[in-house]
Amino acid sequence: MGRIARWLIGTALVAGPTLAQAQELTVWDWKSGDPVAANYFAAAKTAFEAAHPGVTVNFVMQPHDQYYTLLGTALGSESGPDVMLLHGGAQATSRAAALKPLNDMTEGLAGVADFTADGNAIALPLTIQGFVVYYNKALYEAAGLDPDAPPRTWDELKSVCEAFKTQGEVPCFAMGNKEGFGGDFFLSVLAADMFTPEQQAQMAAGDLPWTDPALRTIVETWVQTSQDGWYPEGANAMAKFMDEYETFMRGEAANTIGLLSDVAHWKQFEEFLGPDALGVYLHPAPGGEPRLPVSGGIGYAVNANSANADLAAELVKVLSAPEQAAIFAVDTGALPANTAVDTSALSSPTLTTILGMLDGPTAPLAHAVMAPTVMEEWHRQSQLLLNGETTVDDALARMEEIRQQAKSN
Amino acid sequence: MARRVIGQAERRFAALVLLPAAGLLLVFRIVPLIWGFVLSFTNSDGLGQADWVGLANYRGVVTDQAFRDSLVNTVLVLATLPIWILLPMLLALLIHQGVPGGRFFRAVYFLPAVLSSVIVGSIFNVVLRFDGSLNAALKAIGLSPVDWLGNGGTALASLVAVHLWSTFGMSVLIFLAGLSTINQEMLEAAKLDGAKFWARLRFIVIPTLRPIIEFVAVVTTIGLLTGMFGLIYVLTAGGPGTSTTLPEFLIWLEQGKLNRPGYAAAISAVLFALMAGVAWAQVRIMSRNAEL
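Residue numbers (the working numbering), protein chains in the order written: chain L, 1 to 409; chain P, 1001 to 1292.
One chain only, chain L, in its complex shape (with noise of 0.2 Å):
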């Protein structure tokens, strides 16, 4: 026998038992490849492979605009991942069957509704997520207004609106509906406003008819607000993200509603405009008190089907656990779904008033729980909408159509 098969052996007999006690976890998410996220994804790996010697954690990225399609894919041909990413709502709750329940970890956590099906906790939030409205102090200056007292009922949204009009300089408000975005963000501000608790319930079961008035008035203030002129012309051609935010972070647009956490959120921008110039505030609505549209935002779920899920749970443990959240809270911006995180390390006037909204009204994002066919139809109906190409009420009847037909599937 030759050295080199004699070294071949030898390495496959004290390779062989190691490899089979090896064991390995594989996370799939949007983030890991991100730099701003990498002290949490290191610091997650670390504390738990030094607590479970001998496994190993690998975090695969995948491109966030084909995620479900690829998670779909695996999860229905029982392979996929053994912790996987996800975002609250119908995203989370639409896979329920494919995720073991993790009811006794939820203690401590916000957001843990959105990640809830049939009674069971799926997914253990990471962060939560929300619609304010950003807006540029410099550009409330020059068009007259006073940059320390933002807008707060739906007559003073439209004063400040017409006074950007009036002006002429900047539209009121950044749009970009390419995917229809636009729409659901607008949905989401005014129901959070409009809506009763009962009508949110409804809208979350899928059993808010389009006839509702409040709905009616959602799609018929969508339409005004446009041909009052608050939004740039090519919304419809313009991709939200980011080409929306990279206008108001421009300075070429007073106002946005924009994110809580992840991006297009008050790090991001005050890193643009600094933190002096941006204010936020909670979008008015017709006849609505304001509230903070919140839910939970991303957050860990396990493959029901992985052969080591109750090791998957615990990593999903670590990946939620203060001491992590902590981290991707301060180098991100992301707001902790774990009430225990300190987030003392950030601190932004912004935030601070950010944080004061959390404290009160909040009610959650009606467009992320509506089913996927209904949502797809919002999308194109608020772009024709936009265009003029449809009318309120052709629109409304088409949402109903496909909400019934949601409904009977």
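These are calculated hints, taken from the structure and not from any lab test. Glycine included, every Cβ here is placed at the ideal spot set by N, Cα and C. Be aware that a few hints might be false.
[Claimed, not checked] Below, a list of computed lysine-lysine pairs in the BS3-like style, where the Cα atoms sit at most 30 Å apart:
#	chain 1	residue 1	chain 2	residue 2
1	P	Lys1139	L	Lys317
2	L	Lys31	P	Lys1139
3	P	Lys1257	L	Lys407
4	L	Lys165	L	Lys137
5	L	Lys317	L	Lys137
6	L	Lys158	L	Lys31
7	L	Lys165	P	Lys1196
8	L	Lys100	L	Lys158
9	L	Lys267	L	Lys31
10	L	Lys158	L	Lys137
11	P	Lys1139	L	Lys100
12	L	Lys267	L	Lys100
[As the list claims (entries may be wrong)] So, partial list: chain P residues that the calculated Cβ filter (under 8 Å) puts toward chain L:
#	residue
13	Asn1151
14	Ala1269
15	Ala1273
Given the coordinates of chain L, assemble chain P onto it according to the supplied hints.
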């Protein structure tokens, strides 16, 4: 008589040689096709158990407004076919006639054909968006800007124009190759007999080019039906409304984003049946030309 020449051994050898190709075809084409067809009779959501729902998906397809819109869009796109043939033919004729810089134009026309549709889409996103360079040019000469991609009236035409820009160079090359086969002596003779340019074009050039025209028509049709996905994805995402949604984009949407692989399979099956008709016509044209 010929049968006896090929013995059993040769037959076995022939079958053996064919086997890998036939196997690949079976595994990667036929089986997925049947699998997709079976899927179209289920309510598969890509997760867990899928139940047999009979023809429900097909009934859904027939009444689906989005699918009907996508078929109308397909017809509109195919209606532009004459432009796809006449424009490259005209340019090829000019180059063939020996306009100054013909070689340069030949290279320039072909250049976009090597770019991927995503890159072409990104370039034209900058050109065609409302605050893009085309509108800036329009404003500079005193015309009002147009929302090329965000308006239901112009979005599909814009996509077709971009696709035309990026692929017509290939047709120019095919026409040039065809033009080089024209009998020069016949052209000279016609010239001596006093035939003018248009007469020569009508009675000699175009009849000689007929198989080439048909070939370009076939290849372009296939390109229009299968090659627009990248542009739609990058430039309009199917909107506004459904004005740029073609069937292949709708299938992708239903399958991935809307979690309805069963329904997407039913749309695919309907599309497959429609395309089979087009393919049949194409095969007839091609086989007729093969005899020329």
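The hints, checked one at a time:
For the suggested pair Lys1139(P) and Lys317(L), the alpha carbons sit about 58 Å apart, so the restraint of at most 30 Å is broken. For a cut-off of 30 Å, the pair hint linking Lys31(L) to Lys1139(P) is broken: about 42 Å separates their Cα positions. The straight-line distance between the Cα atoms of Lys1257(P) and Lys407(L) is roughly 18 Å, inside the 30 Å bound, and the hint therefore holds. This hinted pair checks out: Lys165(L) and Lys137(L) have alpha carbons roughly 16 Å apart, not beyond 30 Å.
Proposed proximity of Lys317(L) and Lys137(L) is contradicted: the alpha carbons are some 41 Å apart, above 30 Å. Between Lys158(L) and Lys31(L) the CA atoms are separated by roughly 38 Å; this puts the pair beyond 30 Å, and the hint is violated. At most 30 Å may separate the alpha-carbon atoms for a hinted pair to count; Lys165(L) and Lys1196(P) exceed this at roughly 63 Å. As the CA atoms of Lys100(L) and Lys158(L) are separated by approximately 47 Å, the hinted pair breaks the 30 Å bound.
The hinted pair formed by Lys267(L) and Lys31(L) meets the criterion: a straight-line CA distance of about 17 Å does not exceed 30 Å. At roughly 17 Å between alpha-carbon atoms, Lys158(L) and Lys137(L) fall within 30 Å of each other, so this suggested pair holds. Straight-line distance between C-alpha atoms of Lys1139(P) and Lys100(L) comes to about 58 Å, which puts the hinted pair past the 30 Å bound. The suggested pairing of Lys267(L) with Lys100(L) is violated, with an alpha-carbon distance near 34 Å, which exceeds 30 Å.
Satisfaction of the interface hint for Asn1151(P) is found here, the shortest Cβ-Cβ separation to chain L being roughly 6 Å, below the 8 Å cut-off. Proximity of Ala1269(P) to chain L is violated relative to the hint, the smallest CB-CB distance being about 19 Å (cut-off 8 Å). Interface hint status for Ala1273(P): violated, as the beta-carbon distance to the closest one in chain L is roughly 24 Å, over 8 Å.
This entry does not satisfy hints 1, 2, 5, 6, 7, 8, 11, 12, 14, 15, going by the numbered hints stated previously.
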